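Undergrad: Letter by letter, the chains look like this.
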Amino acid sequence: MILAQATNPIIRWEYLRDEWDKVRTALIQHIELTLLAVALGLVVASVLAAIALRYRWTANPITTFTAFVYTIPSVALFGLLVPYTGVSRTTAVIPLVGYTLLILVTSILTGFRSVPPAVRDAAEGMGLSPARRVFTVELPLAVPYIITGIRVATVTTVGLVTVAAIVGEGGLGRLILDGLRRTFWTPMTVGASLSIILALVLDLSLWGLGRALTPWTRRGGPQRAATR
Amino acid sequence: MTRLSTTPTGTPTGTLTGPPAGTPAGTAAIRLIEVTKRFPGTGADAVGRGGGLRLDVAKGSIVALLGPSGCGKTTTLRMINRMIEPTSGRIEIEGRDVTRSPVAELRRGIGYVIQQVGLFPHHTVARNIAAVPSALGWDKDRIATRVRELADLVGLEPSLLDRYPDELSGGQQQRVGVARALAADPPVLLMDEPFGAVDPVVRGRLQDELLGLQSRVQKTIVLVTHDLDEAIKLADRIALLNVGGVLEQYASPDDLLRAPANEFVERFVGGDRSIRRLTLATVADLPFAQGPVVAVETATADDARSAMAAHRSDWFGLTADGVFLGWVPGAALDGAGSLADLPRTVPAAQVAATSTLRAAMEIIMTSDTSVAVVDDGGRFGGVVTLERIRAALAGA
Amino acid sequence: MILVAAAQAVRRDIGLWEWLFDAGTWTGRNGILATAGDTVRLCAAVIATSALIAVPLGAFLAHIRRGELAATWVVNVGRAIPTFALAGLLVPISLRWGYGFEPWPVFVALTLLSVPPIFLTTFTAVSQVDPVVVDAARGMGLEDRRVLLRVELALALSVILTGVRVAAVQAVATEPIRAFLGGGGLGGYLRDGLGQNNDTLVLGGAILVAALAALTGAAFGVFERVIVPKGVRRLRRAGDRGSSHNGEDHERASVQVSEAADPVGSLQLADGGLR
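Protein chains in written order, with numbering that gives the first Met the number 0: chain A, 0 to 227; chain B, 0 to 395; chain C, 0 to 274.
Incorrect hints may appear among the rest.
[Claimed, not checked] Footprint (simulated), chain C over chain A, 3 or more residues, beta carbon under 8 angstroms: (1) 49 to 62; (2) 162 to 174; (3) 177 to 191.
[To be verified] Residues from chain A that face chain C, not an exhaustive set, calculated with beta carbons under 7 angstroms: (4) Val-22; (5) Leu-79; (6) Pro-82; (7) Gly-85; (8) Ser-87; (9) Pro-139; (10) Val-154; (11) Ile-195; (12) Pro-214.
Rather than coming from a laboratory, the hints here were simulated on the basis of the structure. In this text the structure is predicted, and so the values were computed from the model without any measurement. Cβ coordinates follow ideal geometry from the N, Cα and C atoms, glycine included.
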């Protein structure tokens, strides 16, 4: 046992040098898949949210549906699709997109609903057209919530893509499983660490993006002028 | 200048409909013609019960929609810019039916100010004010000039233009709201309880500034308020509505107070309406009496005594070089010494010519002596008495 | 070294229904019941541990009124770390330290996953209760204070229980990764099915996992209904309705905490990586 450990440390740095291509490919695949899923999810969620906002009665059914999809255990959902879509990228993308829907739809809805009624009233009363109202008033105010939703969705998806390795997808999860199969720890460590780092980096970047997009939330509180 | 009606009592000049006396029908800027509104699911009209609401607003005037809750004043206001569509009837602005233009275009020509202001939190103050001009496609320079103009007009410091709304106080925010409404220079301004969200001191100031503004821009303003005193202070005419949007009286503030059309109006304006009328005129509108006042340079104790006797007063006043010095009790004359040395009341009961009769009344009520009218330099102008005030109220 | 649990040898041509309804698959050492029991045992341990960590921490931080920044960071970190990756990372470490490959890596990863929801609901619950209790205690007599305390504690408890429920469902749903890291549990059916190209196993496993997760949610739901008095539940619903999606709740300083204090927001935490 001790011998096995000596030749099988947690991370063997030569691995990184020798098999860097493999690691880099896995990382790129991982990022691609994540961004693809979140982007698609955002598109679908925008449509769903627009419907829910326009036709109030659909809000509940839509939310319930996305919540239902979300509760299905990911491993189970990947598994359920395999017999039908085989071991392919589609099998991975469909659940990945599905899991982002709840958080994205909720964030978009919350964002738009957070617009103060007085602002809505004033915007309508001053004669701004509906399109102008949505894009120049309501959407910017909804952005903080939407960005938060995108952050959560992205981070979640990074984790899920790791699991997607079990249905044959590439990505960092592949490294982990390979390592497990070969009882070679380094790929596991590398794969796992990179997943975590990737998630944190994406989270932080999106947070920064959110701050950049919302300059009005950065200022201080009311500074009463000397007069009045 | 007095807003007290000068026709003698007994001939009510408040009318229910139609333009104010002396104004030809064509200059009504806003006309409501048999307007009703019933909300779906409710049993009765919210506005215009019993035949529809008829109301004409003269160009360049301020009309207050006043009434208890449920009287439909806000609903009526919002029908003018079609935020709410009437169930029946017609609304015309400067002769054009409001339903003729596309709604957004109509609203861009009407200023809209609401109680909670509704400034866009994500735009700077300057950008907020520029909202409608931007939508209209003005070029940047024209917008910038206009924003600076408006800031000056509403009394907003230029340094605030680059701040965000949540950095401003309530009063400042409301000023921005008014500036924003006036940005595209609309002829009509709709205001829904615009000063309700600020404290009374700021409210008074904003009301004064609105009057000042109106004297410069002459807009047609329809103002919703539940505050009788605000309506009296600001409006040229008050439309007093009852529940269901029933117009009970449409008259100038003084006519409303002087000659309530019915019991509802009487109850609404309250039992102290005569005192309220006193806010509509200033001391300068009254003829002054001379009063028991003598000049310290020339008068003797006997002059003082005869003055007191002539005015049946126990006090007499002293002036020096035309400047009012104060009141002296008659009893003080019994001592020796010159008039100049006599002790005077502090503070002296006096009032400025620009004070309202209400303020003068207040001082009369709380002084033993008569009340002197003094100008900015303290120079004596006369004495104001209760009798003169009562005569003014009676319209003589 | 034996790194993977004994694979299920299952005939490839058996249909899903037959498999599910064959008594043989349910009983026995490798039967569904046994495996499910394995899953449940681990998850119970995870939830117990996370509750033991999260509840006192959340309650304490809420009580001293200092926790908001710490709270948002706990939530964020817990959310960002992919569970599968963490578990994978811990396998070699666990082996190195002699703890074996199972169940510790998955246990630690799942516990880390479960702490944020419980922590957050505890924190929210206690910080919403505290001022009221203190206020009331100051102004009222002892008798009323006791009654009020009981109502408020019951309210807080019901909120905390919701967090526990979310964490539990999440844990059960995420637990299958264990099988892919060489462990037991219901995930094994999926692993074997994928490995053997056996659709029955894959579908069956998927259905079992989903069913167990749903069952866990329902069981906790029933538990909550039993434990929490009816009046308190109505109080809470009224509160949720009043404050959900209310823009004013989202003050600058506590955006991230309160955004997750939404009823739906607690689901936002139900990810942390794998989920």
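Undergrad: Next, verify each hint and record whether it holds.
TA: Verification of the hints:
{"no.": "1", "hint": "49 to 62", "result": "violated (count 1)"}
{"no.": "2", "hint": "162 to 174", "result": "holds (count 5)"}
{"no.": "3", "hint": "177 to 191", "result": "holds (count 8)"}
{"no.": "4", "hint": "Val-22", "result": "14 angstroms, violated"}
{"no.": "5", "hint": "Leu-79", "result": "4 angstroms, holds"}
{"no.": "6", "hint": "Pro-82", "result": "4 angstroms, holds"}
{"no.": "7", "hint": "Gly-85", "result": "10 angstroms, violated"}
{"no.": "8", "hint": "Ser-87", "result": "13 angstroms, violated"}
{"no.": "9", "hint": "Pro-139", "result": "14 angstroms, violated"}
{"no.": "10", "hint": "Val-154", "result": "5 angstroms, holds"}
{"no.": "11", "hint": "Ile-195", "result": "5 angstroms, holds"}
{"no.": "12", "hint": "Pro-214", "result": "13 angstroms, violated"}
Figure legend: structure checked against the earlier numbered hints; hints not met, in rising order: 1, 4, 7, 8, 9, 12.
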